[in-house]
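K.L.:
Now for the letters of each chain:
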Amino acid sequence: MAAVALKEQLASLMDSMYQEGLLDEQFQQLQSLQDETNPCFVMEVVTLFCDDAERIFGELDKIMNQPVVEFQQVDAYIHQLKGSSSSVGAQNVKLACIQFRHSLEDNDREGCLRALNVVKREYLHLRSKLETMLQLEQRIQAYDKQKN
Amino acid sequence: MDDSESPNPMHTLRALIVNDCRVEQAILVGTLRALGVESLVANNAEEAQEIIYEGAVVDLIIMDKDMPVMDDVIHATRRLRAMGVTAKILGIITFYTREAVLDFLYAGADDVVLKPVRIKKLISIIEEINNGI
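So the sequence lines, in the order shown, correspond to chains A and B.
What the first sequence shows, in numbering that gives the first Met the number 0, is residues 0 to 147, in sequence order.
What the second sequence shows, in numbering that gives the first Met the number 0, is residues 0 to 132, in sequence order.
It should be emphasised that the hints constitute simulated quantities derived from the structure, not laboratory data.
One or more hints might be untrue.
[Said to hold, decoys possible] Which residues of chain A face chain B? A few of them, derived with a C-beta cut under 7 Å, are:
#  : residue
1  : Asp23
2  : Gln25
3  : Gln28
4  : Phe40
5  : Met42
6  : Val44
7  : Leu47
8  : Phe48
9  : Gly82
10 : Ser83
11 : Ser85
12 : Ser86
[To be verified] Ranges of calculated distance between the beta carbons of each label pair, as one might list FRET restraints:
#  : chain 1 : residue 1 : chain 2 : residue 2 : range
13 : B       : Tyr105    : A       : Thr131    : 47 to 53 Å
14 : B       : Gly54     : A       : Ser15     : 47 to 53 Å
15 : A       : Pro38     : B       : Lys119    : 20 to 26 Å
16 : B       : Gly54     : A       : Ser127    : 46 to 52 Å
17 : A       : Asp34     : B       : Arg117    : 14 to 20 Å
18 : A       : Leu112    : B       : Lys119    : 37 to 43 Å
19 : A       : Glu7      : B       : Phe94     : 36 to 42 Å
20 : B       : Lys119    : A       : Ser15     : 37 to 43 Å
21 : B       : Glu98     : A       : His101    : 39 to 45 Å
22 : A       : Thr131    : B       : Arg32     : 25 to 31 Å
23 : B       : Leu34     : A       : Leu112    : 39 to 45 Å
24 : B       : Asn42     : A       : Gln8      : 37 to 43 Å
[Claimed, not checked] Which bits of chain B does chain A cover? Going by a derived footprint, with three or more residues having C-beta under 8 Å, they are:
#  : region
25 : 14-22
26 : 28-36
27 : 111-121
Beta carbons are placed, not taken as given, at the ideal position from N, Cα and C, and that holds for glycine.
If we strip away everything but chain A, and leave its shape as in the complex, we get (with noise of 0.2 Å):
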């Protein structure tokens, strides 16, 4: 019965996510592709779009802490963090970056910071929503192994 509630609040947490536009289409492409030779394809992949995140932000971070910024290197950083984000299926992330590329073509500093920390506070919104979504199906997975 455990096992029953865990999947029940972990249906509910994805129809949330996706509701909230947080994810799209491609996600469940992905959640699709994952199955029993391949148990552990969505983590995998939210793992390396978590790490490729925030070693964008990590360098998008230095690159706006510079005299003078460098506004190509910001839109090709952003440009990556689009595409990774498009592949995974993160929605509100992938559109949060059209709007900084969008805001990049006044080349304003300040404009950009505004930017670029909603493009981080969609990121750590999702990276929160999919830790509980991992945490839920490892312990659903537990469950089923010790049923079998």
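Following the hints, complete the assembly by docking chain B onto the known chain A.
P.N.:
Just chain B now, kept in the frame of chain A:
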């Protein structure tokens, strides 16, 4: 060197993924694996050419135009065709423009899609390869 023996004589299809993003590499490798396709990975157009030049036989090449030196991907596509590579080449672009699509097609790509690549598209390409289209 060419891969004119494509499809792979062991009937396990093999793909070459040309993409510099680890996240996108992992997703494509995992997706193709689920579809029964083995994958090699190249981080850029130059590595891709080296892999083919060293004799790798592949049935499908997935080229992401969205890499630091974009024209390299188009040149690489052209060069692979000039080398006699007959594998299906799927070009991936981030923004749709007629020019981006035509650049890829004129260079020798068989198809061009917008990122992210959908499973349905990969399935249809794999079917084409298996049917010798």
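K.L.:
Each hint needs a verdict: does it hold in this structure or not?
P.N.:
Quick rundown of the hints versus the structure:
no., hint, verdict
1, Asp23, "violated (10 Å)"
2, Gln25, "holds (5 Å)"
3, Gln28, "holds (5 Å)"
4, Phe40, "holds (5 Å)"
5, Met42, "violated (11 Å)"
6, Val44, "holds (6 Å)"
7, Leu47, "holds (5 Å)"
8, Phe48, "holds (5 Å)"
9, Gly82, "holds (6 Å)"
10, Ser83, "holds (4 Å)"
11, Ser85, "holds (5 Å)"
12, Ser86, "holds (5 Å)"
13, Tyr105/B to Thr131/A: 47 to 53 Å, "holds (48 Å)"
14, Gly54/B to Ser15/A: 47 to 53 Å, "holds (51 Å)"
15, Pro38/A to Lys119/B: 20 to 26 Å, "holds (24 Å)"
16, Gly54/B to Ser127/A: 46 to 52 Å, "holds (47 Å)"
17, Asp34/A to Arg117/B: 14 to 20 Å, "holds (19 Å)"
18, Leu112/A to Lys119/B: 37 to 43 Å, "holds (40 Å)"
19, Glu7/A to Phe94/B: 36 to 42 Å, "holds (41 Å)"
20, Lys119/B to Ser15/A: 37 to 43 Å, "violated (27 Å)"
21, Glu98/B to His101/A: 39 to 45 Å, "violated (22 Å)"
22, Thr131/A to Arg32/B: 25 to 31 Å, "holds (27 Å)"
23, Leu34/B to Leu112/A: 39 to 45 Å, "holds (43 Å)"
24, Asn42/B to Gln8/A: 37 to 43 Å, "holds (40 Å)"
25, 14-22, "holds (count 3)"
26, 28-36, "holds (count 4)"
27, 111-121, "holds (count 4)"
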